[in-house]
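Given next are the chains, with one letter for each unit.
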Amino acid sequence: MRTNWLGRFSGVHNRGINPKGFHVSQLKFYVILLPLAALMLLPIIFIFSHAFKPPDELFAYPPRFFVVNPTFKNFTDLFSKMSNSGVPVSRYLFNSILITVVTVAASIVVSSTAAYALSKKRFGLKKALFAINTIALMFVPIAVTIPRFLIINNLGLLDTFLVHILPGLAMPVGLFLIKQFIDGIPDEVIEAAQIDGASDIEIYWRIILPMIRPALATIAILTFQAAWNNADISSTYINTESLKTFAFYLGTLTATSTGANAVAGQGIAAAASLIMFLPNLVIFIFLQSQVMSTMSHSGLK
Amino acid sequence: MLNKLTIQKWLEKEGSAYSFLAMYALLFIVFIIVPVLVAFLLSFTFFDTIQFPSFIGLKNYIVLLTQDDIFMKYVLPNTIQFALIVGPGGYALSFLLAWMLAQLPKLPRTLFALILYSPSMTSGVAMTVVWKTFFSGDQNGYLNSFLLGLNAIPEPIQWLQSPQYLMTIMILVTLWSSMGIGFLAMLAGILEINPELYEAASLDGINNRLQEIFYITIPSMKPQMLFGAVMAIVSTFQAGAIGVILSGANPTPQYAGQLIVNHIEDYGFLRYEMGYAAAVSVVLLMMVLFFTRLANRLFASEE
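For the record, the sequence lines run as chains A and B. All residue numbers for the first sequence refer to this note's numbering, where the first residue is 1 and numbers rise by one. All residue numbers for the second sequence refer to this note's numbering, where the first residue is 1001 and numbers rise by one.
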């Protein structure tokens, strides 16, 4: 005879895809996933643990994974420090924050306006333009660093604030995801608004934007990660030290060319790594359900 | 007069669509289309950034295929090895993990998804500290200390500086961070599949999970599979900088971790042979194109 609790965990609805609760058949997945997730989490936990270690623990032998006497010393050291070229660390951080905020906002506007046109407007080149964008999904920016450098140089954008922002705004994945999401909005909604006399801009602003918040959140995350983590633009297109980003500064802390620094700078580099990583994590945690609902529209036909 | 009228009519009908597109289109042209075209054109020239590029026909490609020993001996085999393991490996791993996660209730699923996705949020620079400490060459390195403690190795190993280990570490680190946006897309795709399909399938005699994956799950989410594949290919080739980040040098020790992306940088920004670097860029773009077409063949939806 089956006991009651077993009955609860063996119901048909808890088997297969998207179950409502626990079922014994899920155990095998936990057995695989738990150790794997733990292993994958180690480097992430290490970022947190390492950043709070006092000097004697950073260089302890044998090395310790977890911090014993956590301290904020690495962070205070980091912010009292000047880079080799005399720029305070807070300046890099300020640049990164400003660049990221502007890039995310601009990217949302640029991608969503274009996506609205590609999804809901009727015009001659519609299909062709969407096809071009779909091909561009496989674009590998790193392959065209050199031509980009020549173009940016010719446009007079070299060593300006704008060069941090503009290249990242052409984001085929962003346009693609928002367009697929807008496709899910029935045409009748827009027709009804047109009958009420709404202009295109009003339709975009009052109807489309509020309905595609999950897609916008997703684009915000993707742009955030790209902009916040970007060190390449600073090293390739920027000469002025005070225009460079925090990610770039972190790169100089760990470069082997400054060998002596690599030992003395361990603590502040660890603190800086945590500052780099944490915002990504926090934002994703807040927006993850929106991302998942966008991704179900992500299919490529 | 008539012409003006048609233009006016066209503007009324389609003008607003194009104005909505304008900003994106402009940026797309300037930062994607033109660079690709310029790369293509420059690849047929000799260009040292000082003099105007001079046309030399296919010479760059011929040199690349016949005289560039480093490319043929190290860069190409490394790139193929790296791409074949990290691309399909990361992709299969993403799918299998997504498939397992889809069969868990919402809360554990979300937690696992967050853990598996979080490595892809880290950037090369932010992780340098971690990898350099883990794989540090002295006895203080975590891996060395661990293995020394087990008596598995007699003396510390220079993990990131030895040609024989660098590639393996690059592959492991990249696989670790490969559960990105494609993984999320596939997870969402699996969750969207109509459960009645599985019931119908079991009535039709499909009775093991492997059959279910190949006959129901994958065919029902081909669009997400394709999206995931394209993302996997792009991120694999985009991940090329990892060897230079880990070893701290371009070229990497004895070219052990040299990938095509590093070769481009080496010629473009260290030797200023821009025409030659452009030819290598075109080869890279062609490789991406080739693999994407392959993925298209596998997962294109029949309509």
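Some clues are possibly wrong.
[To be verified] Partner residues aside, some chain B positions facing chain A, computed with beta carbon under 10 angstroms:
| # | residue |
| --- | --- |
| 1 | Ser1019 |
| 2 | Val1034 |
| 3 | Phe1046 |
| 4 | Ile1050 |
| 5 | Gln1051 |
| 6 | Leu1058 |
| 7 | Ile1062 |
| 8 | Val1063 |
| 9 | Met1186 |
| 10 | Glu1192 |
| 11 | Leu1226 |
[What the hints assert, rightly or not] Below, simulated DSSO-like cross-link-like pairs (lysine-lysine); rule was C-alpha separation at most 30 angstroms, straight line:
| # | chain 1 | residue 1 | chain 2 | residue 2 |
| --- | --- | --- | --- | --- |
| 12 | B | Lys1013 | A | Lys126 |
| 13 | A | Lys127 | B | Lys1013 |
| 14 | A | Lys121 | B | Lys1009 |
| 15 | A | Lys126 | A | Lys301 |
What the hints contain is simulated information worked out from the structure, not anything from laboratory work. In this text the structure is predicted, and so the values were computed from the model without any measurement. Where a beta carbon is used, it is the ideal one built from N, C-alpha and C, also for glycine.
Results for each hint:
| no. | hint | verdict |
| --- | --- | --- |
| 1 | Ser1019 | holds, 8 angstroms |
| 2 | Val1034 | holds, 6 angstroms |
| 3 | Phe1046 | violated, 14 angstroms |
| 4 | Ile1050 | violated, 13 angstroms |
| 5 | Gln1051 | violated, 14 angstroms |
| 6 | Leu1058 | violated, 19 angstroms |
| 7 | Ile1062 | violated, 20 angstroms |
| 8 | Val1063 | violated, 17 angstroms |
| 9 | Met1186 | holds, 9 angstroms |
| 10 | Glu1192 | holds, 5 angstroms |
| 11 | Leu1226 | holds, 4 angstroms |
| 12 | Lys1013(B) / Lys126(A) | holds, 13 angstroms |
| 13 | Lys127(A) / Lys1013(B) | holds, 17 angstroms |
| 14 | Lys121(A) / Lys1009(B) | holds, 16 angstroms |
| 15 | Lys126(A) / Lys301(A) | holds, 16 angstroms |
Checked against the numbered hints listed earlier, the structure breaks hints 3, 4, 5, 6, 7, 8; every other hint is satisfied.
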